[in-house]
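Mind docking chain B on chain A? Use the hints.
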Amino acid sequence: MKRIGEAMKRCSWLGVVVVLLSVISTRAQTASPASGTPTAPPASAPAMTAPLDVKAAQPPSADDLAKGDPSGTRTGTIADVVVSDTNKGLTLADTVNQVGQNRIAINFVWTLIAGFLVMFMQAGFAAVETGLCRAKNANHTMMMNFMVYGFGLFAFWVCGFALQMGGCAPAGTLGGASPLNSEHSISLLGKTWGIFGTHGFFLSGVTYDVGVMVMFLFQMVFMDTALTIVTGAAAERWKYAAFAISSVFMGAITYPLFANWAWGGGWLSQLGVNFGLGHGYADFAGSGVVHAVGGITALAVSMIIGPRIGKYNRNGTPNAMPGHDIMIVLIGCFILAFGWFGFNPGSTLAASGNGALRIGSIAVNTMLAGCTGSFGALLYMWLKFGKPDASMTGNGLLAGLVAITAPSGFVNTVSSAIIGLVAGVLVCYSVEFVERVLKVDDPVGAISVHGANGIWGVISVGLFADGTSNYGGSWNGVGGSVRGLFYGDASQLIAQLIGVGTLLGGIFCLSYAVNFVIHMVVGQRVSAADELEGLDIPEMGALCYPEFVLKPESIPASVTASKPAEIKAPLRVAQETA
Amino acid sequence: MKLVGLLLALAGWLIPIVTVVMTQSATIRMAVSLAGIATILVGILVVLNKAHVKEAIWKA
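Going down the list, the sequences are from chains A and B. Numbering follows our numbering, with no gaps: position 507 of the first sequence is 507. Numbering follows our numbering, with no gaps: position 57 of the second sequence is 57.
Looking at chain B on its own, in the form it has when it is part of the complex:
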C-alpha cells in the first residue's frame, strides 16, 4: 500500500505536466493541475500515511 501511495503521488505530479505540454487551454491546465495536487495529497496523506499508522508503535 505504501508503494501504491507513492505511485499515486508520482502520477499526480507527472500527468499535469504532460497535459500542460499538450494543451494551450488555461482552464484545462488549471483544472488538471489542481486535480493532480489532489491526487498527490490522497496518495501521501491517505494511502501512504494510513499504511504507516497501521504499524505505529502506539498500536502495538
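Isolated chain A, as found in the complex:
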C-alpha cells in the first residue's frame, strides 16, 4: 500500500510538471507557429491567478504529518508553497513567486553565513596580534582588537555604509536592494565621477529594507577587517583614546570612500565604462579595498607614531622583539584561514544564479593561495636563516590569502598557486625592507602582509584574470568576463594600476593627514614611562597575565647612552624593583 501511495505521489508531481510544461510550450507555440502547416488553435493557458489543482499533487494529510517523517519524503511539498489569497487557493503566480523567493532566500542565507565567518576573523586577528606582542601589552592589544569591532560598526552604521553603498544601484542577487540608489557625482572632463553615496545613514527611511540589511552586515565585517589591521602595526605604543578616534574616522570616512569608488558604483569601478579600461578597477573580495587600505593606513600611523623604545640602536640597526605566544599566533592564522572562506566565496553575494556556483572554485583558489603562501615564506626563511620560522610562516599563509582576495573570482587554480607563492616570498622581503631600510617599526608585519600583498593582489587581477567567470554577463557595467594581461587585455592592468595609485597616493595622504591631526590634538603615543612599563596597567588598568612574573625590560646600552632622561628614569625604577 505504501509503495502504491508513493508511486501515486510521484505521478501526481509528474502531473504538475506536465501541466506547467504544457503551459509553457503552449505559450511558445503561440509565439512562433511552424511555417506551412496549419496549427490548431492554441489552448487557452491558465491565468496566473487561476487556482491550481492542489489535490492532484496529493500533499500529505494532517494524519500523515502527525505520525512524524523520519525519511523526509513528506516534508516540503506543494502544501508549503505560500498562498497569496486563501479564498482562491494556490495559483500559478504563487508557485512562480515562490521560486523567486527561494532564490533570494538562498542568496540571503549564503551571504549572511559568509558574513558571520568574516566576523569571526576578528578573533583570528586578535590572536595573531596579541601573540606577536610582548606579554606586558597583551591586554591592551587584545582590547584594541576587541573594541575595533564596536567602534567600526557604530561608525559604519552612522554614516560609513551610506557613503560606501548609498548609490551602489540594485543588487539583483539580494532581491534588488533598490533603496541604495543615490550617488553624489561630479561632472569632469565630460564624464560622471561617482564620489560617495547619500542613502543609508543610520539604515533608516527607505533603507530599512531586508536586502539592505544583508548588504550592510556583509560590508560591515569587511570594513572591520581593514580597521583591525592598523592596530597590529601601532601596537605596544598606541594610546587607546587615539586608537578609538582613528578607528571611528577610518570606519566612517576613509574606508567607505575608497570602497565606494571600487564597489559602490564610484569612479574607479567606472573606468571601463568611461574610458575603456577593461572592466574598470576590479577587486573581487578586497585585496585593495580592505587589506591595502588597512596596510597603507598602518604605514601612515606607524610613521607618525614612531618605533618602540629599544627597537633601533643609535646606529639604526634593529633589535628583535619577539612575541610572547607563538601558539596563539598560529591558531589565529587558522581562524583567519577559516574565516576567509566567508571573505572570498561570500563576495559573490549569491549561491544561486548569476554565476554564483563559482563559489567552489573561489574557495579552492583561496585555500591554494594560502597554502603556497606559507610554502614561500617557510622555504625563504629556512634557506636564508637555517630554520623554518613560525611567525613568518604564519604571515606567509596570511600574505597568500590577502593576495588571492582580489583575483579569487577571476582566476584558475594554477594562477592562484602562483599568486600565493609570490606573496609568501614578497612578505619576507617586505618585512625586512620595512624594518631595515625604512626603519618603520611594525610589530606584527601588518604593513607587509596587508599593504604590500594587498597591492600585489590588485595587480595580479590585471595579470591573471582568465575570462572564464560569468557573473551575470558583465562586470562593472562592461559586458563579458574580466581578463588580464596574460589572457589578452592590457587595459585591465592599467585600471588596476590606477587603483594602486589611488590607494598609495589618495588613501595614504588622507590617512596620514587625519592621523597627524589626531597626533597634534590628542597625541598618538603613550609616554615613554608607560611604554616601558607595558601598556596593560597604565592604559587598561589590569594585566593580561596577573599571576605571571614578567622579566624586567632590558634595553641595549646603545639606546640609553644619551638623552632623553625620561627614558633613563623608568629604567632605573624597573631595575630597582627587579
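Hints in this document: simulated from the structure, not taken from any laboratory. In this text, a Cβ means the ideal position worked out from N, Cα and C, and glycines have one as well. Warning: the hint list may mix true and false statements.
To be verified - Covered stretches of chain B (chain A as the covering partner; in silico rule of three or more C-beta atoms under 8 Å from a C-beta of chain A): (1) 23-29; (2) 34-41; (3) 44-51.
What follows is chain B alone, placed relative to chain A:
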C-alpha cells in the same frame, strides 16, 4: 619636507588619472600609471619617511 612628500604622492596619483582621460594610447596610459606609482613611492618612502626618521626616538 613632510609636506613635499605628501604633495609628491598626490601628484603621482592625480597626473596619471588626467593622462588616462586625455589619451587613448594604451602604451602612454601604462607608462604614466607606472611612473605615477613610482613618484608616489618616492614621495612616501623616501621624502616623507626620511623626514620622520630624522626625528626618530632612537636618534635622540
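Need the list of violated hint numbers for this structure, in ascending order. none
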